[in-house]
Amino acid sequence: MTTGTHVARSVTSQGHYAGSVSRFLAYAIDITVSSAVFALALAAISYVAKVVTGHDVSWNKGNAVVAAVFVAWEFLYFGYSWAASGKTFGMAVLGIRVVMADGTTIEPRRGALRALVFPLSFLLCGLGFLGILVQRERRALHDLIAGTAVIYAWDARAARLRFLARAAEPTVSRPVRGPGQQRPEGGDVKRDHQD
Amino acid sequence: MTDPFETLAEHVAERVLDLIVHALDVNALLRKVDVNALLDRVDVTALLDRADVNALLDRVDVDALLSRVDVNDLMRRVDMDTLVEQTDLGAVIARSSGGAASEALDAARSQAVGLDQFIDRWMQRALRRKHPAPSAPPALRIGRVG
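Just so you know, the sequences run in chain order Z and H.
For what it's worth, the numbering used here labels the leading residue of the first sequence as 4, then goes sequentially.
For what it's worth, the numbering used here labels the leading residue of the second sequence as 15, then goes sequentially.
Among the hints, erroneous ones may be present.
[Unchecked claim] Only some residues are given here: those of chain H computed to face chain Z with a beta carbon under 8 Å: (1) N50; (2) D54; (3) D57; (4) A60; (5) S81; (6) V85; (7) D87; (8) A115; (9) S116; (10) A118; (11) R123; (12) A126; (13) P152.
Hint data in this document are derived by calculation from the structure and do not stem from the laboratory.
Glycine included, C-beta positions come from ideal geometry on N, C-alpha and C.
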């Protein structure tokens, strides 16, 4: 199936409940980005500490403080993103958004609550995520607790237009002709440029 | 002082005219009129020259007119495929919004939606649902097309 067909189908999916693949990819991007930012921050702190104290500072993965700060950072990353705009960086890339269960804009406190209960879906051996596949509204456990849902929110109509434009670009420069009119000399603009 | 005979004559004339008008079959008369021949004799250009189009347009309440037009419905009726194919619109859009990044993003998103729908179809079959699940939250279902 071509990308064009997918884009055409996506136009009618706007506002629909987002599926498992889009949500998983968004989460994978988020966890990569947030972990990378955290690692960079640790490296920066280590560098500054070394410059100031003259001693090497290394971070042990098993360090409880580092683990606690990492958990706090993840909560801040997801919680703030959902509370402020209903989407994280990964969700923005995949074009999905968290809304209230009825489809209205998410309330900030619901965004924060969603981030708080998000780990529950992991703690139950990942069963909390099963809701995305089997629940009628594709809501995971943390969605059900926080009263939220995830929808497609990207402008697929504009994407469809861009796709059509790209597909038509080599020939669109010919002028509109009536039924009886002949093709003008020289063909399309691209050929004119080559000549 | 008016002549009594003159007054009488005026009354008689008015009465006669009334009788004639009542007796006339106006519809039959209009059927006999060759409207096309009549219009051929009208110099439309000269007529338009005499009309003050600007004054006419000044009297039109464009806002009220536009408020009565359902632009969204109008846009839904536009066949974008044909429009882009038949005009330079495609080239303009491609040049103004095109980019490798946006192309990749469009492709990734649409592929993900395609996979979502594929998995969803199989899950619906596996779960043997008799009634289709709602596709969107209530607030986003109202007034949707497609």
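Classify the hint on A115 (chain H) as holds or violated, based on whether any CB of chain Z lies nearer than 8 Å to its CB.
violated (11 Å)
Classify the hint on A60 (chain H) as holds or violated, based on whether any CB of chain Z lies nearer than 8 Å to its CB.
violated (30 Å)
Restraint outcome when D57 (chain H) is required to lie within 8 Å of chain Z by C-beta distance:
violated (29 Å)
Holds or violated: P152 (chain H) as interface residue toward chain Z, Cβ cutoff 8 Å?
Hint holds; P152 (chain H) Cβ to chain Z Cβ min 5 Å, cut 8 Å.
Proposed interface contact between N50 (chain H) and chain Z, which counts if any beta carbon pair is under 8 Å:
Violated: closest Cβ of chain Z sits about 27 Å from N50 (chain H), beyond 8 Å.
Under 8 Å is the threshold here; is the Cβ of A126 (chain H) close enough to any Cβ of chain Z for the hint to stand?
Hint on A126 (chain H): holds, closest Cβ of chain Z at ~4 Å, below 8 Å.
Closest C-beta approach of R123 (chain H) to chain Z relative to 8 Å, hint status:
holds (5 Å)
Going by Cβ atoms only, is S116 (chain H) closer than 8 Å to chain Z?
holds (6 Å)
Does the CB of S81 (chain H) sit less than 8 Å away from some CB of chain Z?
violated (24 Å)
For the hint on D54 (chain H), does the least C-beta distance to chain Z fall short of 8 Å?
violated (28 Å)
Once the shortest beta carbon distance from D87 (chain H) to chain Z is found, is it less than 8 Å?
violated (15 Å)
Was the hint right that A118 (chain H) lines chain Z, CB cutoff 8 Å?
Hint on A118 (chain H): violated, closest Cβ of chain Z at ~10 Å, above 8 Å.
Of the numbered hints stated above, those contradicted by the structure are hints 1, 2, 3, 4, 5, 6, 7, 8, 10, listed in ascending order.
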